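**Student:** Sequence:
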Amino acid sequence: MERALRVPDLAAPGGLALRPWRLSDLDLVREAAGDPYIPLVTTVPSPYSEAEGRAFVERQWERAATGTGCPFVLVDPGGRPVGTVGLWPDGEEATLGYWVVASARGRGAAATGLAAVADWALSELGLPRLLLHVEPWNTASVRVAERAGFRREGMLEGWLRIGDERRDVLAFARSGPAGKTARRTSPARRPDTSRAPGHDRATGMH
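Each residue of the sequence shown is one higher than the one before, starting from 1 at the first, in the working numbering.
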């Protein structure tokens with residue numbers, strides 16, 4: 001078992017905040033379940049049921065407890081949960097993914113939340129490099145990545161699997177200060193982007 005990871009409370013500009021998942025976030029899961037894309041690339045249950053929603057939240061807790069991920073809920077200035085940002089450590093790198101529900105898009109929440117988690121990972125976890133994958137058609141998410149300080153590195157062919165289909169993704173990265181050494185070490189491996197039980201390695205979703 002990997003070392004457990006603590007998901008902290010983070011403040012972000014504009015009154016946004018990030019925190020661990022709670023069972024009171026089921027309304028967020030329900031709205032995400034009705035999105036045409038989010039359930040395809042995550043384990044958000046569709047069709048939604050309360051039992052499946054609870055199981056989804058409990059999986060987020062399990063990831064932190066087993067050290068496989070840091071899943072945050074993104075909360076707007078009014079206290080409403082509007083999305084998630086997840087960080088999945090892998091050796092001296094980590095992959096990030098995120099989604100924001102349709103009713104909260106277009107207000108800059110995704111870029112602000114992504115930048116806040118990236119800042120935390122680079123400074124507090126000491127990770128020297130962060131990765132992010134976005135499907136090329138998702139131009140809004142490309143802009144989110146760029147606003148959060150990620151730079152485009154190229155195209156990865158067939159990197160994302162949705163069902164039996166493999167899709168190309170744009171690879172983005174953000175690095176910490178030169179010479180910084182990661183505090184976590186484990187063998188590097190290719191991220192599993194499949195929609196398999198237990199995984200929520202979503203591409204950037206906005």
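Rather than coming from a laboratory, the hints here were simulated on the basis of the structure. Here the structure is a predicted model, which means the values were calculated and not measured. Each hint should be verified, as a subset may be incorrect.
Ranges between beta-carbon positions, derived for each pair [said to hold, decoys possible]: (1) Ala102 x Gly14: 17 to 23 Å; (2) Arg166 x Gly79: 35 to 41 Å; (3) Glu146 x Glu50: 33 to 39 Å; (4) Asp119 x Gly91: 30 to 36 Å; (5) Arg152 x Asp119: 26 to 32 Å; (6) Gly14 x Asp164: 36 to 42 Å; (7) Ser103 x Arg151: 26 to 32 Å; (8) Glu157 x Pro77: 23 to 29 Å; (9) Glu153 x Leu23: 37 to 43 Å; (10) Ala102 x Gly126: 19 to 25 Å; (11) Thr139 x Thr66: 16 to 22 Å; (12) Arg166 x Pro13: 32 to 38 Å.
Where is the CB? At the ideal position from N, CA and C, for every residue including glycine.
**Student:** Now look at each hint and say whether the structure bears it out.
**Tutor:** Checked hints:
no., hint, verdict
1, Ala102 x Gly14: 17 to 23 Å, "holds (20 Å)"
2, Arg166 x Gly79: 35 to 41 Å, "holds (40 Å)"
3, Glu146 x Glu50: 33 to 39 Å, "holds (38 Å)"
4, Asp119 x Gly91: 30 to 36 Å, "violated (20 Å)"
5, Arg152 x Asp119: 26 to 32 Å, "violated (20 Å)"
6, Gly14 x Asp164: 36 to 42 Å, "holds (41 Å)"
7, Ser103 x Arg151: 26 to 32 Å, "holds (30 Å)"
8, Glu157 x Pro77: 23 to 29 Å, "violated (40 Å)"
9, Glu153 x Leu23: 37 to 43 Å, "holds (38 Å)"
10, Ala102 x Gly126: 19 to 25 Å, "violated (35 Å)"
11, Thr139 x Thr66: 16 to 22 Å, "violated (35 Å)"
12, Arg166 x Pro13: 32 to 38 Å, "holds (37 Å)"
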